[in-house]
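Let the hints inform the model, and build the full structure from the sequences given.
There are 2 protein chains.
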Amino acid sequence: MTKHVKTAITPTRQQDYPEWYQQVVKASDMAERSPVRGCMIIKPWGYALWENIQHELDDMFKAAGVKNAYFPLFIPLNFLEKEAEHVEGFAKECAVVTHHRLEKGPDGGLVPGGKLTEPLVVRPTSETIIGDAFSKWIGSYRDLPLLINQWANVVRWEMRTRIFLRTSEFLWQEGHTAHATTEEAEARTAMMLEVYARMAEQYLAMPVIKGSKTAAERFPGAVDTQCIEAMMQDRKALQAGTSHFLGQNFARASNIRFQNQQEQETYAWTTSWGVSTRLIGGVIMTHGDDDGLILPPRVAPAQIVLLPIAHKQQEQAKVMDFTDALAEELSHIRYHHRPLRVEVDKRDIGGARGWEWIKKGVPLRLEIGPRDIANDAVFVGRRDKPLKEKFSMSRRQFIDEVTTLLDNIQTNLLDHARAFQTAHTHTMDNQEEFYAYFTPANTEKPEIHGGFALAHWCGSGTCEARIKEDLTVTIRCIPFDQEPQPGKCICCGASSSRRVVFAKAY
Amino acid sequence: MTKHVKTAITPTRQQDYPEWYQQVVKASDMAERSPVRGCMIIKPWGYALWENIQHELDDMFKAAGVKNAYFPLFIPLNFLEKEAEHVEGFAKECAVVTHHRLEKGPDGGLVPGGKLTEPLVVRPTSETIIGDAFSKWIGSYRDLPLLINQWANVVRWEMRTRIFLRTSEFLWQEGHTAHATTEEAEARTAMMLEVYARMAEQYLAMPVIKGSKTAAERFPGAVDTQCIEAMMQDRKALQAGTSHFLGQNFARASNIRFQNQQEQETYAWTTSWGVSTRLIGGVIMTHGDDDGLILPPRVAPAQIVLLPIAHKQQEQAKVMDFTDALAEELSHIRYHHRPLRVEVDKRDIGGARGWEWIKKGVPLRLEIGPRDIANDAVFVGRRDKPLKEKFSMSRRQFIDEVTTLLDNIQTNLLDHARAFQTAHTHTMDNQEEFYAYFTPANTEKPEIHGGFALAHWCGSGTCEARIKEDLTVTIRCIPFDQEPQPGKCICCGASSSRRVVFAKAY
Chain A
5 MTKHVKTAIT PTRQQDYPEW YQQVVKASDM AERSPVRGCM IIKPWGYALW
55 ENIQHELDDM FKAAGVKNAY FPLFIPLNFL EKEAEHVEGF AKECAVVTHH
105 RLEKGPDGGL VPGGKLTEPL VVRPTSETII GDAFSKWIGS YRDLPLLINQ
155 WANVVRWEMR TRIFLRTSEF LWQEGHTAHA TTEEAEARTA MMLEVYARMA
205 EQYLAMPVIK GSKTAAERFP GAVDTQCIEA MMQDRKALQA GTSHFLGQNF
255 ARASNIRFQN QQEQETYAWT TSWGVSTRLI GGVIMTHGDD DGLILPPRVA
305 PAQIVLLPIA HKQQEQAKVM DFTDALAEEL SHIRYHHRPL RVEVDKRDIG
355 GARGWEWIKK GVPLRLEIGP RDIANDAVFV GRRDKPLKEK FSMSRRQFID
405 EVTTLLDNIQ TNLLDHARAF QTAHTHTMDN QEEFYAYFTP ANTEKPEIHG
455 GFALAHWCGS GTCEARIKED LTVTIRCIPF DQEPQPGKCI CCGASSSRRV
505 VFAKAY
Chain B
5 MTKHVKTAIT PTRQQDYPEW YQQVVKASDM AERSPVRGCM IIKPWGYALW
55 ENIQHELDDM FKAAGVKNAY FPLFIPLNFL EKEAEHVEGF AKECAVVTHH
105 RLEKGPDGGL VPGGKLTEPL VVRPTSETII GDAFSKWIGS YRDLPLLINQ
155 WANVVRWEMR TRIFLRTSEF LWQEGHTAHA TTEEAEARTA MMLEVYARMA
205 EQYLAMPVIK GSKTAAERFP GAVDTQCIEA MMQDRKALQA GTSHFLGQNF
255 ARASNIRFQN QQEQETYAWT TSWGVSTRLI GGVIMTHGDD DGLILPPRVA
305 PAQIVLLPIA HKQQEQAKVM DFTDALAEEL SHIRYHHRPL RVEVDKRDIG
355 GARGWEWIKK GVPLRLEIGP RDIANDAVFV GRRDKPLKEK FSMSRRQFID
405 EVTTLLDNIQ TNLLDHARAF QTAHTHTMDN QEEFYAYFTP ANTEKPEIHG
455 GFALAHWCGS GTCEARIKED LTVTIRCIPF DQEPQPGKCI CCGASSSRRV
505 VFAKAY
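Protein chains in written order, with this note's numbering: chain A, 5 to 510; chain B, 5 to 510.
There may be inaccurate statements among the hints.
One copy or two, it doesn't matter: identical chains are merged, so the pair holds either way.
[Said to hold, decoys possible] PhoX-like, lysine-lysine: derived pairs with alpha carbons at most 25 Å apart: (1) K363 / K10; (2) K350 / K363; (3) K66 / K363; (4) K86 / K389; (5) K140 / K363; (6) K140 / K214; (7) K363 / K71; (8) K96 / K108; (9) K119 / K108; (10) K392 / K10; (11) K66 / K30; (12) K508 / K214.
Source of the hints: derived by calculation from the structure; they are not laboratory data.
Dropping the structure here:
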């Protein structure tokens with residue numbers, strides 16, 4: 005019999021994982037649903053996390069030679085139609101602008117007026133409108149490579165939405181590049197996937213598997229879609245970022261041509277790649293526990309919160325002064341090229357105050373009372389450790405070691421998540437075992453599914469579709485990091501040369 | 005007879021100011037028109053300027069206690085209708101989403117499908133949707149003040165557009181705050197206007213007049229609209245930023261109530277304030293000359309460009325090494341809390357290279373040839389000085405003095421613009437003189453209008469409308485910085501207690 009432990013989040017992950025997720029989003033005050041169907045409001049705590057992700061990614065993009073720009077929100081319908089697979093892929097989820105004003109209707113209320121001659125689609129992604137610009141910007145091989153990124157909102161009208169993970173509007177970046185050779189475009193596709201993997205692992209402490217999508221799971225219009233796949237604590241996969249090699253498909257659709265060194269006109273090779281606010285959902289589901297969020301220090305909106313405690317009136321001034329001085333000193337320390345982010349919470353609201361910061365996932369909580377001050381010390385709680393496991397440190401030592409402490413938490417979170425992923429990744433060669441693994445009723449905890457299965461696949465879409473229909477399990481990717489290995493397809497038994505990653509997914 | 009001087013931009017400002025503006029935008033590669041009516045593409049050079057404006061503003065907002073968040077792009081029609089003046093003000097320029105997918109039409113092409121039960125308006129501004137969130141977030145005076153900002157795109161369907169100045173989609177920030185008292189909300193309105201004035205003057209080197217709008221020029225639904233007004237080189241006014249005191253109007257419309265310290269339920273007092281990519285147009289028109297853009301160092305995408313010159317093959321390596329080492333050394337210098345932004349252009353394209361950076365407005369151009377290297381020197385061109393006025397400096401001295409040089413350029417640009425504004429601002433008491441001032445045919449240069457006229461106004465909307473109709477001149481603001489002074493209305497002769505700023509405007 006397990007001991008009953010009171011948790012800050014109800015239900016726990018074990019009791020109801022999807023509902024636990026919603027409750028953590030709420031308890032951490034990251035975001036909420038809006039009155040607009042499927043659209044979310046990203047609240048300051050969630051937005052600050054996104055800003056930190058943006059800053060780090062933006063630095064990496066710029067180091068990779070990419071420049072930011074901005075393209076129109078609206079895409080003329082005929083642009084979208086230029087690439088057949090592309091429009092097919094997005095037609096079912098497009099917000100369409102048909103009018104450009106409001107006017108008095110017959111019953112006195114406002115109705116749409118000023119019908120547009122051609123409807124405009126709110127961008128679900130921008131390959132076609134950016135491709136049109138590229139076709140004008142590129143004339144010769146000297147204009148290549150062209151490396152552009154855009155930070156923007158996009159809209160995909162989803163029927164079933166979940167905050168951060170699948171929303172009708174979301175924030176993202178979309179990189180778009182054009183190259184003179186197929187090799188260079190392929191190298192760029194891989195390079196940007198590496199950037200995403202680095203963001204996921206080094207910043208979000210979220211281990212990922214890199215690989216290519218199968219034809220069925222590719223971005224509409226792409227030749228190759230590469231992805232990073234992470235494992236959430238319910239053992240489902242989260243596609244956390246994609247990088248597409250588009251070949252000459254979009255160059256043909258948008259007429260992106262250039263004169264090469266041999267003075268021949270040829271189509272450019274293009275790529276596109278993106279990550280979105282979905283990453284925030286990934287952070288929550290990778291690290292959160294039954295007391296709320298746990299944030300990796302490198303991207304946490306605040307890495308440290310100072311909680312002054314002064315029960316007696318005469319202690320007030322001394323405690324607050326000590327706290328303010330410490331906050332000031334900490335804010336001058338740099339952690340990974342940025343100033344430490346420190347919060348001071350002086351509210352006199354009792355125990356609720358500490359719990360609030362626990363639920364918000366701040367890596368280090370410092371309690372500062374008269375006794376600590378007498379010892380010139382602070383009382384430290386690490387969010388990655390059990391809540392009661394707090395320790396005292398001298399003020400000086402804390403200041404000297406704070407960046408080491410944060411690095412330690414960062415590493416600990418990654419190690420923990422990696423161990424979890426490894427524990428729930430299984431090599432499988434037996435079809436019966438494979439089906440049992442992904443059938444909830446057959447597992448000890450029916451609400452938690454199997455995990456990742458590394459199994460052989462013959463390459464046929466039929467087998468892929470069969471497994472998807474039987475188990476709602478998809479091929480997450482054909483992982484890069486494996487040696488060729490002969491085997492038999494887990495579905496049909498035909499010969500196969502490599503394993504793929506199967507999982508249920510968000 | 006004036007000497008004919010060849011300029012990089014045709015036409016010159018004197019010849020055709022509006023066309024000069026378009027040509028500078030083009031020559032500096034900042035932005036271009038898109039295939040979507042009224043929407044622009046912001047190219048890397050323009051977007052980098054916007055990013056620098058964003059970074060500085062964002063720091064100022066955060067220092068003022070404001071937190072960033074993100075709200076939906078779409079606003080349900082019934083939200084917009086909640087504040088009568090507000091919807092009236094924006095109804096004529098709303099992009100309306102009526103469908104949520106595309107489907108095959110009768111002739112095989114795609115047509116809008118999945119009609120929405122309630123149309124959604126693409127946000128022209130977000131008072132109503134953010135107000136709805138505030139009504140849920142605010143319960144008691146302890147939740148106040150609530151200080152939120154959003155960086156976002158907005159859409160206002162303009163019939164006549166001009167790049168950066170008036171576009172159907174533009175980028176901006178919109179701050180929204182709620183307060184427990186009218187005094188506090190008024191103070192916040194003024195505080196944020198000060199932030200904008202500081203941005204304009206200290207960063208964009210664009211002198212502004214601060215004041216309140218007249219009732220006719222107010223933001224729809226506001227009690228008081230405060231603004232900063234700048235003067236462009238065609239002597240027209242540019243409204244560069246606004247800060248609105250909304251009283252309880254939007255709180256009533258959105259039901260933003262709180263329990264005050266006396267435990268009474270009352271409506272909050274709110275404010276909103278914004279600046280947009282229009283500021284970029286302001287920078288171009290304040291500082292640009294007939295050779296292109298001139299950028300204030302504090303916001304320039306690059307403050308320095310290094311132009312290595314090696315005509316002989318054997319000089320190549322030495323010149324490039326010297327250049328790279330200098331670029332590296334410069335990039336470690338901090339200018340106003342940020343690393344210096346340095347570009348190196350090694351292209352071998354002759355004189356076109358230097359002209360490109362002149363047109364792009366980079367504050368300092370450094371030519372580096374074998375002779376300079378022999379003297380351990382650099383040859384410096386300042387963009388705020390005549391192009392031929394270049395000078396040699398030792399490498400060491402340049403490094404030691406670069407931030408002083410940049411500050412000097414920054415100050416010089418502001419002084420220059422301020423002198424221009426002063427020269428074209430006239431106190432006027434005679435109606436005939438006033439009309440002549442604003443009538444192009446009566447001026448020496450018919451394409452350039454008068455400037456700012458400080459004239460008395462009785463306060464009547466009739467007089468304001470008359471002048472607008474007669475001269476297309478509007479009251480830009482009732483300036484804060486003036487002593488009460490009795491006089492007679494420039495239009496009707498009735499008594500008036502203060503002067504206002506009249507001008508033609510963008």
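Tell me, please, which holds for K392 and K10 at an alpha-carbon limit of 25 Å: within, between, both or neither? within (13 Å within a copy, 77 Å between copies)
How would you label the pair K66, K363 (within, between, both, or neither) given a Cα cut-off of 25 Å? Between copies only: 23 Å across chains, 34 Å inside a chain, cut-off 25 Å.
Identical-chain pair category, K363 with K71, by Cα at 25 Å: between (37 Å within a copy, 19 Å between copies)
Check K140 against K363 for me: Cα-Cα at most 25 Å, and say if that holds within a copy, between copies, both or neither. Between. Shortest inter-copy distance 21 Å satisfies the 25 Å Cα cut-off; intra-copy 51 Å does not.
Are the CA atoms of K96 and K108 at most 25 Å apart within a copy, between copies, both, or neither? between (31 Å within a copy, 11 Å between copies)
Between the shortest in-copy and the shortest cross-copy C-alpha distance, which are at most 25 Å for K363 and K10: within, between, both, or neither? Classified as within: same-chain Cα gap 14 Å, cross-chain 66 Å, threshold 25 Å.
Between the shortest in-copy and the shortest cross-copy C-alpha distance, which are at most 25 Å for K119 and K108: within, between, both, or neither? This pair counts as both: shortest intra-copy Cα distance 14 Å, inter-copy 20 Å.
Using 25 Å as the alpha-carbon threshold, which applies to K350 and K363: within, between, both, or neither? within (17 Å within a copy, 53 Å between copies)
At most 25 Å between alpha carbons: which applies to K508 and K214, within, between, both or neither? within (17 Å within a copy, 59 Å between copies)
Within, between, both or neither: how does the pair K140, K214 come out at a Cα-Cα threshold of 25 Å? For K140 and K214, the Cα distance exceeds 25 Å both inside one copy (34 Å) and across copies (42 Å).
From the Cα coordinates, with 25 Å as the cut-off, is the pair K86 and K389 best called within, between, both, or neither? neither (54 Å within a copy, 49 Å between copies)
Is the C-alpha distance from K66 to K30 at most 25 Å within one copy, between copies, in both cases, or in neither? Cα proximity of K66 and K30: across copies only (24 Å, versus 34 Å in one copy).
Violated hints for the displayed structure, listed by number in ascending order: 4 and 6.
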